[in-house]
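Chemist: Residues per chain, in single letters:
There are 4 protein chains.
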Amino acid sequence: MNTFGKIFRLTSFGESHGRGIGGIIDGCPAGIELDIDLIQKDLARRKPGQSKITTQRKEPDHVEFLSGVFEGKTQGTPIAFAIWNRDQHSKDYNDLKDVFRPSHADYTYTKKYGTRDHRGGGRSSARETIARVVAGAIAKQILAKVGVQIQAYVSQVGEIKLPKSYKELNLALTEENIVRCPDQEYAEKMIARIEEAGRNHDTVGGLITGVATGVPVGWGEPVFNKLHADLGFAMLGINAVKGFEYGSGFDGTKLSGSEHNDIFVKTEDGVKTKTNHSGGIQGGISNGEDVYFNVAFKPIATLLKEQQTIDKNENDITINPKGRHDPCVLPRAVPIVEAMAALVLVDHYLLSKLNTI
Amino acid sequence: MNTFGKIFRLTSFGESHGRGIGGIIDGCPAGIELDIDLIQKDLARRKPGQSKITTQRKEPDHVEFLSGVFEGKTQGTPIAFAIWNRDQHSKDYNDLKDVFRPSHADYTYTKKYGTRDHRGGGRSSARETIARVVAGAIAKQILAKVGVQIQAYVSQVGEIKLPKSYKELNLALTEENIVRCPDQEYAEKMIARIEEAGRNHDTVGGLITGVATGVPVGWGEPVFNKLHADLGFAMLGINAVKGFEYGSGFDGTKLSGSEHNDIFVKTEDGVKTKTNHSGGIQGGISNGEDVYFNVAFKPIATLLKEQQTIDKNENDITINPKGRHDPCVLPRAVPIVEAMAALVLVDHYLLSKLNTI
Amino acid sequence: MNTFGKIFRLTSFGESHGRGIGGIIDGCPAGIELDIDLIQKDLARRKPGQSKITTQRKEPDHVEFLSGVFEGKTQGTPIAFAIWNRDQHSKDYNDLKDVFRPSHADYTYTKKYGTRDHRGGGRSSARETIARVVAGAIAKQILAKVGVQIQAYVSQVGEIKLPKSYKELNLALTEENIVRCPDQEYAEKMIARIEEAGRNHDTVGGLITGVATGVPVGWGEPVFNKLHADLGFAMLGINAVKGFEYGSGFDGTKLSGSEHNDIFVKTEDGVKTKTNHSGGIQGGISNGEDVYFNVAFKPIATLLKEQQTIDKNENDITINPKGRHDPCVLPRAVPIVEAMAALVLVDHYLLSKLNTI
Amino acid sequence: MNTFGKIFRLTSFGESHGRGIGGIIDGCPAGIELDIDLIQKDLARRKPGQSKITTQRKEPDHVEFLSGVFEGKTQGTPIAFAIWNRDQHSKDYNDLKDVFRPSHADYTYTKKYGTRDHRGGGRSSARETIARVVAGAIAKQILAKVGVQIQAYVSQVGEIKLPKSYKELNLALTEENIVRCPDQEYAEKMIARIEEAGRNHDTVGGLITGVATGVPVGWGEPVFNKLHADLGFAMLGINAVKGFEYGSGFDGTKLSGSEHNDIFVKTEDGVKTKTNHSGGIQGGISNGEDVYFNVAFKPIATLLKEQQTIDKNENDITINPKGRHDPCVLPRAVPIVEAMAALVLVDHYLLSKLNTI
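If you read the protein sequences in the order shown, they are chains A, B, C and D. Sequential numbering from 1 applies to the first sequence in my numbering. Sequential numbering from 1 applies to the second sequence in my numbering. Sequential numbering from 1 applies to the third sequence in my numbering. Sequential numbering from 1 applies to the fourth sequence in my numbering.
Please note that the accuracy of each hint is not assured.
Note: identical chains are not told apart, hence a pair may lie in one copy or across any two.
With a straight-line cut-off of 35 Å between C-alpha atoms, the simulated DSBU-like cross-links for lysine-lysine are [what the hints assert, rightly or not]:
| id | residue 1 | residue 2 |
| --- | --- | --- |
| 1 | K312 | K161 |
| 2 | K97 | K161 |
| 3 | K353 | K145 |
| 4 | K41 | K266 |
| 5 | K353 | K254 |
| 6 | K97 | K322 |
| 7 | K254 | K73 |
| 8 | K145 | K254 |
| 9 | K58 | K266 |
| 10 | K322 | K145 |
| 11 | K312 | K189 |
| 12 | K73 | K164 |
| 13 | K97 | K189 |
| 14 | K189 | K73 |
| 15 | K91 | K6 |
| 16 | K353 | K58 |
| 17 | K189 | K274 |
| 18 | K353 | K91 |
| 19 | K272 | K111 |
| 20 | K52 | K73 |
| 21 | K52 | K266 |
| 22 | K164 | K97 |
Honestly, the hints are just simulated from the structure, not real lab data.
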């Protein structure tokens, strides 16, 4: 169950402190000229140590392609790749070998499999998402050829919530600050909030908003694999995610139908809707409007402070973890959200070739 | 893309005004004695015409099994079933043949497939969910054998939100009123709110909360198919759903890590957590606590009032639909939420047999 | 595991003496105008009672479409269909309820599932293949639109083997006789051989040869899903099949490489090969030449004569089955072979749309 | 389409002259202690340069595990592995860059994908099967724990055919000679035949027989995924394979039903059959007898002699390949046949856990 996608399929592998993280992309069309710089750029947006509000671990996170690319082009054959692990302090984790940290996967992995790689969280580490960022960066390049752009940004940190919708923001400014919020004023508040959490040896959660523009009418499968169901599935598969909503989302539950319905209008650019509570998706299928959604991240569970828990013999124990950890995952999760959205969209782009003969 | 599940797989078929709705369940273990009454009971909870706050269409929704059950027991072979359509007023829809109703799937289906069955929404009708209720009712019977119970209820209608958590409610009271809210006081407010919407020829949305008890430790696949990702995918595939959250959900984003972490404690009943912000799932794998989640439903798009829209030639047109429709889908969606949760859980129950040899 | 195909997927259901046999086709492109007569024609070629050399059971085998077809056209939605069972003599099987007939599936089903529907073989009956004939007949109609034709014929019955290759035969004559061998002289010998087997209350096996013309270059996936691997998988899934070979097949093992290699030549019709030992497939991918293959059928196991066996308590028992059975399945299996080939080819046709963007 | 298996899934990657060959095994149960020596032993049986009758290329073919194994045990997480390429003479292939060699995949790959890695056959090289040997060697270790053993051997080279069935041979002698035929007399004839082909710069095909003992009753899915259909699919996916038969196979078509049926008898060891024309599989499900089958390999297409063909501009051209190639693949294909059989069987072992609850 480590494969994502139906046509463009990523199978991911790797543990935090093993040989490396990587994957195989199967089903990528042939003849795509890959821009490796764009892939590295997304890896750099995800990597630790990139700013004062992220963990200070240094990992170069350089992707090596092992197959499927020849003379710069995809071959239609499986694209294997790896990011070799470095800067591992595996011994940091020796103390945690037999401990079940609160709200981590230590307990559930051990009970499920009867064994676990305790070093740095093993397979449950968010470091696994590197494989998704690589595959997503390739998916983005294919999508760009058909006019689809994906942009995510941090819209909430703790209780600090950006009051503007994506329509009121200049998303091109997202990379202008280290928290990846396109509104400078709120970005500063968020950064301060993260720094405060860090000083308290605590952590803080928040929201990431994702937007896909240029999605044509007709992507999405109408029953189980509604476009938003596949997007939600993708986002909920990211570490620390607790919720997903698209279009009007949870707030839309409070509108009446006559407020919520998006009226079709004919424009010079073709059929449009006056409002977009639908989030660009109707009946599970894209309608040509912007697709937008929110992803809720909990405060991560790794705290650099004393906590009560149990060990594998079910004895009470107190832990006081040391090490280098993020007080807030959101800035580094922005490229992951984009990557997962790209994987879903490229899949539905390819599926849409099969609607008719 | 009309198949749901990995091991216990439902493939659904049918349109609102075609011959019927049904499906094939493949991968159901052999030797399960089926209680048909329990299946019909869930169909009755979903069926139209069941109370004053639902559409007055009368459909018996009687399931006929076509294969896979012999002498009352599942055979390990595919279980096909159908609910034949009745009481269809297909002509009601003749006026809508060439119209793209706002926030419906008319436009997107037509653009995707170049054709659509316009009668009663065709495949996009929520009547398709009957197939899920049948399969889910079978899944529930299997889950009951391993001690898992699933219960959903309406926790919000429009702006009327039940202030209590599921822990503070007696879920056994859910079926005591027509809105399926286990708190009688709020149930009455919700019913009044739905009646108001009906009088206005308008519609209203809300929330359904789902709870699964008795889920043992170790269900869920840790990377893409996290237990909550599969649950979210299942819920987002239900008509009119706009969002999903589990455990602390969107509100959890505002807590600090030290508030959010669930501390493990040893009890007479084994390992437990003091709080359950995790919603019974850690690292994508169940931890033995209750699994709970919220599903956001938009107000449905079919309004019995005049609305502006376009037709298939992209001309402006005014529609004023007649017919028999629900002002609020939530009461009838409760068994659908339960069914989809059961399909996810039975799949992970079966998958968990493969963790070790 | 009752689904066949990757894009164009048939999920089959039904038992010999249950309510009926049918299936759901998911992934069929929209907008295909279905010729129902062509589907019925293939069903008639498969149905019992069609000639003096087949079982005298009479079953009309009329297909009813339950969904997915509207105004004569496929809708992109699942196409469910059923052939309702008739003329069942279920009581004929009461004596066999607790018996494990030799070389049948009685023993293995019972051990696998702990239960079985003993009536007429239940799910293991070749009657299940009706669903494949229906789906295959639809696949053929799609393939015809892209110039692909599939024709199978009986090339061996018992030791009577047609000495000519398909190239030396007029395949249009296949339906001219009841054994479906396009060579009249050999057809008569085969018919006599089958009649002899029938008189002896015995059965006889043989070969069916299949040929697909018009397959363009580029269908087939090069590693596991080689075009011939998918064809072989399809054929080996037909009841009573014991072997599959394509192109030069088993005889090709005796040639040297210099004899076996197919030399490319440039012709007015494009690139061709001088010989076609490759059977139209190189590296798992079609090369534009005819695809041809042989399918080996054992003599079926149901004999109308006394035989020694055991019952479910593992006691020795003598059975002497009565009833109406085929002495040779091959004439009726011809449309099944064609159907399975069509399902494989239509799948690879659709997959080939995804090679490049 | 580079994934094999349903539960125990191998996704393979790599080209002959790229960075390496490898794969990801997903769905391997946790807690299996891996014997790496056994894996290397099978790689050694497949590797080039192992004897005078194989190519003289030297490749160490050492497997490196990249994930999923911790402290010697499988973790339930994806097992990624690679065999890094060495001793590549990529320039040997420069002359072939624009040439379509006869009966190779050069032409079909190029037409399918619009591009190909011409070096050493790229992805179409049989070197890809290394990944299968590694995964198969792991599958064998799991199967051994449940008493299943798989052994293959060369039973025919060119026209030299071993006249004994596997029952009359001591399969433990298979590795005693370089051609992997357990009958010393025939082994010598086969070796001489291969040497003759080598001297003629030609190639020769043949048969490999595979036998699985200890398979319990109840493995196999009865309709499309019959145990033999999955075996046939697996074998036909090996490079150069042209046919597959199991049990009585093609010869069985000439027997009458009364000769072919396998009579059940009660023995001290439980239910057995007197004969085993069924090849251990009835109705697609194993019956507890030995599973045995034949795989037909064509003479490989790479000849070290002058041949006529065309280039990518469709011009006539004469090629005269040099290099180091096998005159006969069969001795080295024995572990590949075993590996593919092991992958099928381990999958059905795992699936069989799902028959009942």
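Chemist: Would you mind marking each hint as holding or not holding in the structure?
Modeler: Evaluated hints:
1. K312 - K161: neither (40 Å within a copy, 41 Å between copies)
2. K97 - K161: Neither. Shortest intra-copy (38 Å) and inter-copy (44 Å) distances fail the 35 Å Cα cut-off.
3. K353 - K145: Both, since 15 Å and 17 Å are each at most 35 Å.
4. K41 - K266: neither (40 Å within a copy, 46 Å between copies)
5. K353 - K254: neither (37 Å within a copy, 42 Å between copies)
6. K97 - K322: Within one copy only: 14 Å inside, 56 Å across.
7. K254 - K73: neither (50 Å within a copy, 40 Å between copies)
8. K145 - K254: neither (39 Å within a copy, 39 Å between copies)
9. K58 - K266: Result: close neither inside a copy nor across copies, 53 Å intra and 38 Å inter.
10. K322 - K145: neither (46 Å within a copy, 42 Å between copies)
11. K312 - K189: neither (41 Å within a copy, 49 Å between copies)
12. K73 - K164: So K73 and K164 fail the 35 Å test inside a copy (41 Å) and across (47 Å) alike.
13. K97 - K189: neither (38 Å within a copy, 53 Å between copies)
14. K189 - K73: Answer is neither: 44 Å inside a copy and 47 Å across each miss the 35 Å cutoff.
15. K91 - K6: neither (39 Å within a copy, 37 Å between copies)
16. K353 - K58: neither (43 Å within a copy, 40 Å between copies)
17. K189 - K274: This pair counts as both: shortest intra-copy Cα distance 33 Å, inter-copy 33 Å.
18. K353 - K91: For K353 and K91, only the inter-copy Cα distance (34 Å) is at most 35 Å; the intra-copy one is 50 Å.
19. K272 - K111: Result: close only across copies, 13 Å inter versus 52 Å intra.
20. K52 - K73: neither (37 Å within a copy, 39 Å between copies)
21. K52 - K266: The answer is neither: 49 Å in one copy and 39 Å across copies each exceed 35 Å.
22. K164 - K97: neither (45 Å within a copy, 39 Å between copies)
Violated hints, in rising order: 1, 2, 4, 5, 7, 8, 9, 10, 11, 12, 13, 14, 15, 16, 20, 21 and 22; the structure is consistent with all others.
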